[in-house]
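> This is what each chain is made of:
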Amino acid sequence: MADDLFAVTDKPVSIGEITQKVIRPECGAVTTFTGTVRELTNGKRTLSLEYHAYKSMAVKMLEQIGQEIQEKWPDTLAAITHRTGHLQISDIAVVIAVSSPHRKAAYEANQYAIERIKEIVPIWKKEHWADGTKWVGDQLETTAYPQGKPPKGDAL
Amino acid sequence: MADDLFAVTDKPVSIGEITQKVIRPECGAVTTFTGTVRELTNGKRTLSLEYHAYKSMAVKMLEQIGQEIQEKWPDTLAAITHRTGHLQISDIAVVIAVSSPHRKAAYEANQYAIERIKEIVPIWKKEHWADGTKWVGDQLETTAYPQGKPPKGDAL
Amino acid sequence: MIKVLFFARLQEEIGKESMEVEKAGVSVSDLKKWLAATHHLPHMTQTMAAINENYANDDDIVNEGDTIAFIPPVSGG
Amino acid sequence: MIKVLFFARLQEEIGKESMEVEKAGVSVSDLKKWLAATHHLPHMTQTMAAINENYANDDDIVNEGDTIAFIPPVSGG
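Those protein sequences? They're chains A, B, C and D, same order as listed. Note that UniProt numbering has the first sequence beginning at 1, numbered continuously upward. Note that UniProt numbering has the second sequence beginning at 1, numbered continuously upward. Note that UniProt numbering has the third sequence beginning at 1, numbered continuously upward. Note that UniProt numbering has the fourth sequence beginning at 1, numbered continuously upward.
Treat the hints as calculated values from the structure; they're not laboratory data. Heads up, none of these hints are tricks.
Computed cross-link-like contacts, DSS-like style, restricted to lysine-lysine with a CA-CA straight-line distance of at most 25 Å:
1) Lys21(A) with Lys21(B)
2) Lys32(C) with Lys55(B)
3) Lys16(C) with Lys134(B)
4) Lys55(A) with Lys126(A)
5) Lys104(A) with Lys126(B)
6) Lys55(A) with Lys11(A)
7) Lys32(D) with Lys55(A)
8) Lys60(B) with Lys16(C)
9) Lys21(B) with Lys11(A)
10) Lys152(A) with Lys32(D)
Computed from a predicted structure; not experimentally measured.
Make a model of the complete structure from these sequences and hints.
Structure, rendered in C-alpha cells:
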C-alpha cells in the first residue's frame, strides 16, 4: 500500500487518480497540490523542463515525508507522485494529495509536503530556454546545505 | 467562461476536470480542495447526505467568491463546483481549484474559498442517520447571523 | 405580488417551495413576522433573506415583482 | 569496491552515471576531495552525499560494498 502512495514515474500523472488514493470514509477534506511547468520565471520564458531523479532514493524520501506528516497530523493520509523526463508548459510535475477528517490539517500537511520535497527529495529540474539550458539549484546563490545535509523535518 | 468556472450540479463532480479548468501557462501551482461525505461526525455515523441549493443564487455567490479571490490574490484563478442531491459516504460534495504562479497564494485563496462557501452560499446539508435526519445549520447552537446577513469577505 | 421562496428545513416546515403573496411594500422583517405568525414557522428569526438573489437587511423593502428567498443558516462545503 | 553515483549537473560534468572505485574505508569528505581533484569537479563542495540511499555526513565512512550518491542541491516539486 505504501508503495502505491509514493511514486516517481516517467508517465503522465493524473490529479484525480492520486487524489482518489487518499479518499476514505473517515475523511471529509482532501487537499491536492499540483505543480505544473510554468512558462515564465523571473521574466524568462521556459520552453520545456527536464526532471531527473535518483529514483529509488526519491521514492524512499517521499515515503519519509509521508511518515513525517502522519507524526505531525496523525489522522491524515498522504499520497505523492513526482514525474520525471521531458515536460512541456502546463504539464504536471508533481501531485500531492492529503486527506483528513477536517480541512485545516489537510491544508497544513499538504503545504508541508511540498516544502519538504524541495528540501530532501533527490530530483533535479533542468530548464530549457531559447538560449540554453541550466540545472536549477546547482548555483551558489541557491541552497548551500550549510550542515552538509538537508534540514530535518521540523519546519512547521 | 465565468459560467464554466462556477457551477452547482446534481451530477458527479470530477476533481481532475475542475482542476484542469484553472491550469494556465503562467501558473506553476494549483491547489484543489475536495470536500467528501464523512462517515463519522462527533462520533455519530452518517448513512448518507442530501444537499439542497438555491441554485441560481448559489452560482452567483460562487462567482462572487471568485471575484473576492481575484481582488485579494490578483494572479490567481479559481473554479468551484458544488454537488447537490443525495450523496453516499466518500462521494464528492465540492471541488475548489485555484491556480497561481506561486504556491502560497494558491493555498491561501483555496482555504479562503471554502470558508466563504460555508458563510454565504445558499446550500444546505441534510444528514441521514440510522435514527433520523436533520438539516445541518438550522439549530440555535450554529451560526446565528447576528447582523441578519452573512459576514463580508474580509476575513483573511 | 411578490414571490417567496423557502429552502431546507423551512421548506419542509411550510410544505412548499414557494408562494406568492400580496405584500409589496412591506419590510423584510415584517414579512418574516407575518409568515412566522400565519404559518407557524418558529425559526424565521434565524433566517436570512435575499431579494432577487442578493442578501437583504431586515429593514429592506420588498417591492412589487420581487422574489424574496428565506435562507436558513447555510451548510454547504 | 564502492559504487559512486552522479546526478544532474554533476553527471554531465563527469560524463557518466556511475563508477566503481577502490576506496572502501574513506570518509565522505575525502572521497569528495579525491573526486574533485581527479575529475575536475568544481561543485563537489556544494554537493550532498547519500550512502545506500540515506543522507550522510562529511565524516561518515564509506564501507566495502556501499553505494554512495553525490546529490547536488535538489530542485524537484
